[in-house]
Amino acid sequence: MITAGIDLGAKFVKVLFLKDDEVLARTQERAGFEPAEAAKRAFAAALSESGLTENDLDAICATGAGRQVSPFTRESITEVGAAARGTTYLHPSVRTVIDVGGEEGRAVKCGDTGKVEDFAVNEQCAAGAGSFTETIARALEVPLEEFGKLSLKSTKTIPMNAQCAVFAESEVVSLMHAKTPKEDISRAVHDAIASRIISMVRRVGISNEVALIGGVAYNPGFVDALERGMETKVVVPEHPEYVGALGAALTARERSK
Amino acid sequence: MKANYGYMDGSGEYYITIDTDPCNDCADHPCVSACPVGMFEIIVDDYDDEVAAIKEENRKKVKYDCAPCKPVTDRPPLPCVKACPADAITHSW
Ligand code: SF4
Ligand code: SF4
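Here the protein sequences come in this chain order: A and B.
Positions 1 to 257 (this note's numbering) are the ones given, in order, by the first sequence.
Positions 1001 to 1093 (this note's numbering) are the ones given, in order, by the second sequence.
Hints were generated in silico from the structure; no laboratory data involved.
A quick note: this is a predicted structure, and the numbers were derived from the prediction, not measured.
Some clues are possibly wrong.
Unchecked claim - What follows is a list of derived Cβ distance ranges for each label pair:
#, chain 1, residue 1, chain 2, residue 2, range
1, B, Pro-1076, A, Leu-152, 48 to 58 Å
2, A, Gly-32, B, Glu-1050, 31 to 41 Å
3, A, Glu-227, B, Tyr-1064, 53 to 63 Å
4, A, Gly-32, B, Glu-1041, 43 to 53 Å
5, A, Ala-44, B, Ala-1086, 40 to 50 Å
6, A, Thr-113, B, His-1091, 40 to 50 Å
7, B, Pro-1077, A, Asp-56, 54 to 64 Å
8, B, Ser-1011, A, Val-236, 42 to 52 Å
9, B, Ala-1027, A, Asp-56, 43 to 53 Å
10, A, Gly-51, B, Ala-1027, 48 to 58 Å
11, A, Arg-228, B, Gly-1010, 16 to 26 Å
12, B, Ile-1043, A, Ser-199, 18 to 28 Å
13, A, Met-176, B, Ser-1033, 51 to 61 Å
14, B, Pro-1077, A, Pro-181, 49 to 59 Å
What the hints assert, rightly or not - Calculated lysine to any residue pairs in the SDA-like style (CA-CA distance at most 20 Å, straight line):
#, chain 1, residue 1, chain 2, residue 2
15, B, Lys-1060, B, Asp-1021
16, A, Lys-115, B, Lys-1002
17, B, Lys-1082, B, Val-1032
18, A, Lys-115, B, Asp-1019
As the list claims (entries may be wrong) - Footprint (simulated), chain B over chain A, 3 or more residues, beta carbon under 8 Å:
#, stretch
19, 111–123
20, 199–206
Think of the CB as a built atom: it goes at the ideal place given N, C-alpha and C, for glycine as much as any other residue.
Work out the full structure: start from the sequences and follow the hints.
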């Protein structure tokens, strides 16, 4: 059986085709103002990458904030359900999933079968999401890919007092004027975001096996800050930004059996 | 499943937690009519269960939407909490 998962996230639309345990295609497009159009482009790219036609697909399932506008299917699963399903498929012993996207963070506790037992979402506060690192990286004139690595070079912990991304940005500017090394500023920023996320994770419970998914999982500074803050190792699956789409593709398969 | 709807910001954590396990067997879903703001809705979740949820449009402003039910002094029982026969609703603030 070949199925497709479409994850219509706030910033990117991701498409994944799955045949048994083999991923046939992974594609993504910027969501922009027309997520349905972005989904069509990502879907067409996945067809071309896999050499399939739409008729070869047995079932499709959508997830993500924009799942209701998905042009290909009415079948859908919440972001929380897809995150849990995709992660436990890749790492069966994980029981706590942290999903940090550009604009929101999620914490999910799941059971043996990948069923959600407890979840919390924070879409309100930019200080607990990925786009905050982009803002600060820009202010420090450091490429985003370098910003996370930079924080690993820091040996000094500087607490950030600001509770809000807007005020935190001005706090960072003050640190820059005080000639604080960029690596220490980077660590302070990652620690501040991680502490927000961790208090949300504590609501659902930190289990022995924790995984981080979403695009922010590529940021080693953030992974390090999470691990220090929770005093536990964090698993990062391969292609962490596609785990939601994978969860949707798995759901499509399970529902059509 | 425990569903935490709400958010945290610099001023605190504002979550309404619904333990959705009893919802499937709850005949009249009294939380829906009890809330003066109409924040509750009944949805079919990912596992095909009929459960209570906080509406999307209220999730980012629960602190403000719930404020009339939470006077600073002499706080009466919250209508949603009081209406739920299964004690499935809690508020974090
Ligand atoms: S009243 Fe309580 S048990 Fe019934 S639907 Fe609402 S939250 Fe669920
Ligand atoms: S506290 Fe009042 S406004 Fe808030 S959810 Fe309960 S009944 Fe609705």
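task: Please name the hints from earlier in the document that this structure breaks, with their numbers sorted from lowest to highest.
output: Hint check: 3, 4, 6, 8 and 15 fail, others pass.
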